[in-house]
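Q: For reference, the chains in residue letters:
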Amino acid sequence: MAQGRKVATVRALRSDEIEASLNNSAIAIDRDPFYGKIGRLHDEETARVQRISRVSTGICRLDLDETLTAMKEMNMPRCAEYAERLGLTDEPAFSHWVKFALKKRDRLLKKVFRRKRSNRFKYGIAVPRTVKEAYALDKANGNDSWAKAIKKEMSNVMIAF
Amino acid sequence: MDLGASPPDDYKEIPLRMIFDVKMDFTRKACLVAGGHLTDPPEALTYSSVVSRDSVWLAFMLAKLNGLDMIMTDIGKAYLNAEVTEKYYAIAGPEFGELQGRTVVIVRALYGLKSADAAWNHHLANELMQIEFEPVPANPNVWRRAHVKSDGTNYYE
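These protein sequences, in sequence, are chains R and G. Position 148 of the first sequence, counted from 1, bears residue number 147 in numbering that gives the first Met the number 0, the numbering being contiguous throughout. Position 121 of the second sequence, counted from 1, bears residue number 120 in numbering that gives the first Met the number 0, the numbering being contiguous throughout.
The reader is advised that the hints may include incorrect statements.
Said to hold, decoys possible - Dumping the calculated DSS-like pairs for lysine-lysine here, alpha-carbon to alpha-carbon at most 25 Å:
1) R/K98 <-> R/K109
2) R/K151 <-> G/K148
3) G/K63 <-> R/K147
4) R/K102 <-> R/K121
5) G/K22 <-> R/K151
6) G/K28 <-> R/K121
7) G/K76 <-> R/K150
8) R/K131 <-> G/K22
9) G/K22 <-> R/K121
10) R/K109 <-> R/K121
11) G/K28 <-> R/K115
12) R/K138 <-> G/K22
13) G/K28 <-> R/K151
14) G/K28 <-> R/K131
15) R/K147 <-> G/K76
Simulated from the structure, these hints should not be mistaken for laboratory data.
Just chain R, with the same shape it has in the complex (with noise of 0.2 Å):
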């Protein structure tokens, strides 16, 4: 327990940084052994109490505070896989929000599928997504429309090749 010291954070990262060290799998974690596994921090300022944790990755340490509320305001749902990633989600600063910003994004990305409009029937007819598609529709439907319609745009387009 770290109560009431103020840790300075060793400096906020850049923007290019924070996505680094996003993509960054390869990235080597060192927790402090000084803080073990739980941080509180009384800011006397602010009179909040913070969680915190301490680690330190490739590029700086991450000592709570700016650099992570910088990260998660970046990108939280992959600030949070980041954080999964590398075992992280039991540490103090990420235990309390972790799991919930995943939920949170696997029902953001559930609503965009669900939003995203089915472009593969117009009018009630099959569209094809490929030339072999068409064929293969024209001979289920016994028609030849769609390859009418690939004849007539090859014969325009020819000129081009």
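Starting from the known structure of chain R, fit chain G onto it as the hints suggest.
A: Chain G only, in chain R's frame:
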């Protein structure tokens, strides 16, 4: 190119893709496009401007005030009229019929190429200048040509 022939050295391969759609009258439509999003950005500027709506309205108003006829036209497959500056080739897919599997070199501004619109803009400007049209100083996308009416008065068309 012949089957199995290697493409020119300074050319890069890009994919071709057929886009399908159904029109409102249920006519099937296919459009072959190049995968220009996979290519490097060209060194030259590829921005090409288009005419503003205000300029069109002004031109309509001037035509009406001067009693001029208005003609509307559309250029089909416009981009394919312009030669492309980028050097790309593709491998022909099943849509090419008996040419499938051959290497095809792209020589015209196929839809999807990064410089296609700029190539078409350049080509159209050259063609218009050849028939003595000139861009209006206030808007380079409005073109005019000095002409004489049947009653002898000068005007721009």
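Q: Hint by hint, note whether the structure agrees.
A: Here's how the hints hold up against the structure:
1. As the CA atoms of R/K98 and R/K109 are separated by approximately 17 Å, the hinted pair is consistent with the 25 Å bound.
2. About 42 Å separates the Cα atoms of R/K151 and G/K148, which puts this hinted pair outside 25 Å; it is violated.
3. Pair hint G/K63 plus R/K147 does not hold up; C-alpha atoms about 44 Å apart against a cutoff of 25 Å.
4. Pair hint R/K102 plus R/K121 does not hold up; C-alpha atoms about 34 Å apart against a cutoff of 25 Å.
5. With a CA separation close to 15 Å, the supplied pair G/K22 and R/K151 stays within the 25 Å bound.
6. Straight-line distance between C-alpha atoms of G/K28 and R/K121 comes to about 12 Å, which keeps the hinted pair within the 25 Å bound.
7. Proposed proximity of G/K76 and R/K150 is supported: the alpha carbons are some 15 Å apart, at most 25 Å.
8. With a C-alpha separation of about 21 Å, the suggested pairing of R/K131 with G/K22 holds against the 25 Å cut-off.
9. For the hint pairing G/K22 with R/K121, the CA-to-CA distance comes to about 9 Å; that is within 25 Å, so the pair holds.
10. A C-alpha spacing of about 24 Å is found between R/K109 and R/K121, which places the hinted pair at or below 25 Å, so the restraint holds.
11. For the suggested pair G/K28 and R/K115, the alpha carbons sit about 23 Å apart, so the restraint of at most 25 Å is met.
12. The straight-line distance between the Cα atoms of R/K138 and G/K22 is roughly 21 Å, inside the 25 Å bound, and the hint therefore holds.
13. Pair hint G/K28 plus R/K151 holds up; C-alpha atoms about 9 Å apart against a cutoff of 25 Å.
14. Proposed proximity of G/K28 and R/K131 is supported: the alpha carbons are some 15 Å apart, at most 25 Å.
15. At most 25 Å may separate the alpha-carbon atoms for a hinted pair to count; R/K147 and G/K76 meet this at roughly 18 Å.
Hint check: violations occur at hints 2, 3 and 4; the rest are consistent with the structure.
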